[in-house]
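Undergrad: Using the sequences and the hints, build the whole thing.
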Amino acid sequence: MTAVLALDGLTVALPAGADRTLALDDVSFDLRPGEVFCLVGESGSGKSMAAAAILGLLPPGLRRTAGRVLLDGRDIAGLPDAALRPVRGARIGMIFQEPMTALNPLRRIGDQIAEMFRTHTDLAGRDIAARVDALLADVQLPAGLARAWPHELSGGQRQRAMIAMALALEPAVLIADEPTTALDVTTQARILGLIRDLQRRRGTAVLFITHDFGVVADIADRVAVMQHGRIVEQGRADDVLNRPGHPYTRALIRAVPSLLPPAPRPDGAGPPILTADGVTKVWRGRGLRPRVTQALRDVTLHLRRGGTLGIVGESGSGKSTLARCLVRLVAADTGRIHLDGQAFGVGDPRIQMVFQDPFGSLNPRRRAGDLVMQGPRLHGVGMAEARARAVELFGLVGLNPAALDRYPHEFSGGQRQRIALARALALRPGVLVADEPVSALDVSVQAQVLDLLAGLRDQLGLSLVFITHDLRVAARICDRIAVMKDGQVVEEGPAATLFADPRHPYTRALLDAVPGRGWKPPGVV
Amino acid sequence: MAFLRRYAASPAAVIGLVLLAVVLAMAASADLLFPRNPLALAGRPLQWPLANPRFWLGTDTMGRDIAAQLFHGARISLMIAGLATAIALAVGVAIGAVAGFYGGLADDVLMRVTEAFQIVPGFLLLLVLVAVFGSTLTTVTIAIGIVSWPATARLTRAEFLSLRQRDFVAACRGLGMGDVRLILAEILPNALPPVVVYAGVVMAAAILSESALAFLNLSDPNVPSWGNLIGAGRSVLRTQWYVSAIPGLAILTTVLAVSLVGQGLNDALNPRLRRR
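Heads up: the sequence lines are chains A and B, in that order.
Note that the numbering used here has the first sequence beginning at 5, numbered continuously upward.
Note that the numbering used here has the second sequence beginning at 35, numbered continuously upward.
If you are wondering where the hints come from, they were derived from the structure by calculation, not from laboratory data.
Some hints could be false.
What the hints assert, rightly or not - Distance windows between CB atoms, simulated:
no., chain 1, residue 1, chain 2, residue 2, range
1, A, P19, B, A46, 22 to 28 Å
2, B, A46, A, H155, 48 to 54 Å
3, B, A36, A, R507, 54 to 60 Å
As the list claims (entries may be wrong) - In silico negatives: residues of chain A with every beta carbon more than 12 Å from chain B:
no., residue
4, T25
5, D34
6, P90
7, G129
8, L145
9, A147
10, A186
11, T501
12, A504
Said to hold, decoys possible - Computed list of chain B residues with no C-beta within reach of chain A, every gap over 12 Å:
no., residue
13, P45
14, L51
15, D65
16, R146
17, R200
18, F202
19, C206
20, R207
21, A246
Cβ coordinates follow ideal geometry from the N, Cα and C atoms, glycine included.
TA: Here it is, written out as structure tokens:
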């Protein structure tokens, strides 16, 4: 079968002074009609750049230096914008990662889909309305949503609307750039199913860009793995996933956490170190008719000494509110939270927190060493001793103590999360509450930070509350898991039991939605 | 160093800095070049510039040396502008920081007070204050500071509102840090860059306010400010226009310099904005 879209030795140069000279280095692949081709890589690997280069949408400062982009055998690379406009949207559709920012908040959904027809066809208004209704039905949205505004839609619905727009003109090629990364796992599963279904029915060729090997396992026919702007390996999905040839692919696949929890560790004896009893929290807006959100409903949890309690849930389930209640950053409305059997207040050195976003949780104007020394200094530790402690902690979390005097922006995401970890540990807490500590990180860095956390837990005798949306991550580190939905704990139990024999229907739905659940990463060595 | 390089990358910012340096040099050298009282009678009134080698910028309606008044006036104008800006920043940042950090009732009360100041046109309020408290150098400076703080307060509040939500603030709270330290040591340094940039606008406006007061004969008549000189030239504006035009040019230059430096600071502090 001939390729509908082919990249032939595409090379894009980065501006001088960047961390490498080429954004894309001799990238070649074919996209055949009716197949899903996955481009996989970590952040900065150039996978999104490849999509942008195909549509001639390279950011300013970047230049194509060599190579061709063949659409139906015609080279479209380097064409002026005017010549590319009939191609964009009509021949090549595109879906973006963030459906909120890709939709215009001031125009109705149906109007935005109709825009595709108005731009590219001479159809009459009535015909366009009929087409829009048909498209909404195709992406399984109720017809009434054509009159809705983007903010009235959920994330999944917005992404469906984006798919409807991208497929409106029946393009031969659909480029999907991380279309499910911002979505909850159950929504992601449904959107993936939709893309797969539409693509089969219409014979569209899909270029699917993702960082998640689970998603690849679910959707791809063929795969290309990118690293530093180069394709290091490409082939049939089955071959690449189960018999990876390139060392980089092998390392990436090895970093994907397995869904099988490790053998249970012996439970700590004695009373639990941290308890939450009947914790309730309601967020109230201001004004005459305030919006009331029930964030936590009667949550009761116990953390055993030396244990790791995972709290798993989708966005809006209240897990982050719970984390903040546990360290008393947020005052619970009712209920008791006790540490070692006693009530405590915010800033207690015995319980510390690690945040999700390593970019937002470090003050950009303080040196890494100061950030780590801050806690001990606040609690009356002398300058020299605080510095000695920071040096020791830097070693412990795998950072070079020479980096104490550098600013946060000089570190990578994984290194910053290590600084945040060192800061939390500087007060020698007994309990660490980690709120999605690895979800902003690439999969290989994620594996390193998880291993570090597990190692520190065992070495320092920490008890850990680990909050995550990712069941694979939870399986890797947690002894017990609590599943949250709408502010309630719907199921709690040992990780192994919960994964093998989920009791609550929602837990089962979550487990079924994990991307690539049918694929067992091969035990590559 | 990187900051200096980014600043120097903009020609307009460098020109602004040079102009500001010239005005500062004028202020610094006033006593050296014109040791006599600049408000004393120096010669025949209304001599045109360059007509008499002793008065190369001419003399005003009362026979005072315009060049001497210009140099000494640089001191007064810069001092009024600098102090008024300092007052406006101190009051504005303090009120904005408390309102933005605590929110709720404190925010409501402080912002209503701020709005009370904002609904009165600034210059009108300035006239009222000067009319009530008299027009000495001190009262004029304080009055200009008082009418200039509300915008700074709003800007600081907006910065605090977004910064207090950031995780690093929660992290510091989790370490046991108190509110005063959080505000002063953690949030304020991050909130300052836009405020510092805005200070340029406040300063330029302060110079203009003082000149406008002086033009209406409402500023301190006992100091050689640029505004006073313009006011003095008002009666001969059609025939001996240079009496008002020369200090006017000085005001224009200074305001331009301060604005360019402010803009340059803005670009250097927010390098991402500039690349558009």
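Undergrad: Determine for every hint whether it applies to the structure shown.
TA: Results of checking the hints against the structure:
About 24 Å separates the C-beta atoms of P19(A) and A46(B), a value consistent with the hinted range of 22 to 28 Å. A beta carbon spacing of about 40 Å between A46(B) and H155(A) contradicts the range 48 to 54 Å that was offered as a hint. Checked against the given bound of 54 to 60 Å, the beta carbons of A36(B) and R507(A), roughly 58 Å apart, stay inside it. Under the 12 Å C-beta cut-off, the non-interface status given to T25(A) relative to chain B holds; the minimum distance is some 20 Å.
Distance check on D34(A): its Cβ is at least 36 Å (rounded) from any Cβ of chain B, clearing the 12 Å threshold; non-interface status holds. The beta carbon of P90(A) is kept farther than 12 Å from every beta carbon of chain B, the shortest such distance being approximately 28 Å. Listed as a non-interface residue, G129(A) keeps its Cβ farther than 12 Å from every Cβ of chain B; the least gap is roughly 37 Å. Distance check on L145(A): its Cβ is at least 33 Å (rounded) from any Cβ of chain B, clearing the 12 Å threshold; non-interface status holds.
Every C-beta of chain B lies more than 12 Å from that of A147(A), the closest at about 39 Å, which supports listing it as non-interface. Listed as outside the interface, A186(A) is consistent with that label: its C-beta sits roughly 19 Å from the nearest C-beta of chain B, beyond the 12 Å cut-off. Chain B leaves T501(A) outside its interface by the beta-carbon criterion, the shortest separation being 33 Å against a cut-off of 12 Å. At roughly 36 Å from the closest C-beta of chain B, the C-beta of A504(A) stays outside 12 Å, upholding its exclusion from the interface.
Chain A leaves P45(B) outside its interface by the beta-carbon criterion, the shortest separation being 21 Å against a cut-off of 12 Å. Once the 12 Å rule is applied to beta carbons, L51(B) is consistent with being away from chain A; the minimum gap is 24 Å. Even its closest Cβ contact with chain A, about 41 Å, leaves D65(B) beyond 12 Å, as expected for a residue assigned away from the interface. With 12 Å as the threshold on Cβ separation, the claim that R146(B) sits away from chain A holds: the shortest Cβ distance comes to roughly 15 Å.
Some Cβ of chain A comes within 12 Å of the Cβ of R200(B); the nearest lies about 5 Å off, and the non-interface call is violated. Against the 12 Å criterion, F202(B) falls within the reach of chain A, whose nearest CB is about 4 Å from its own CB. A cut-off of 12 Å between C-beta atoms contradicts the statement that C206(B) is not in contact with chain A; the least separation is 7 Å. Taking the minimum C-beta to C-beta distance to chain A, about 6 Å, the non-interface status of R207(B) is violated against the 12 Å cut.
Every CB of chain A lies more than 12 Å from the CB of A246(B), the least distance being 39 Å, so the non-interface label holds.
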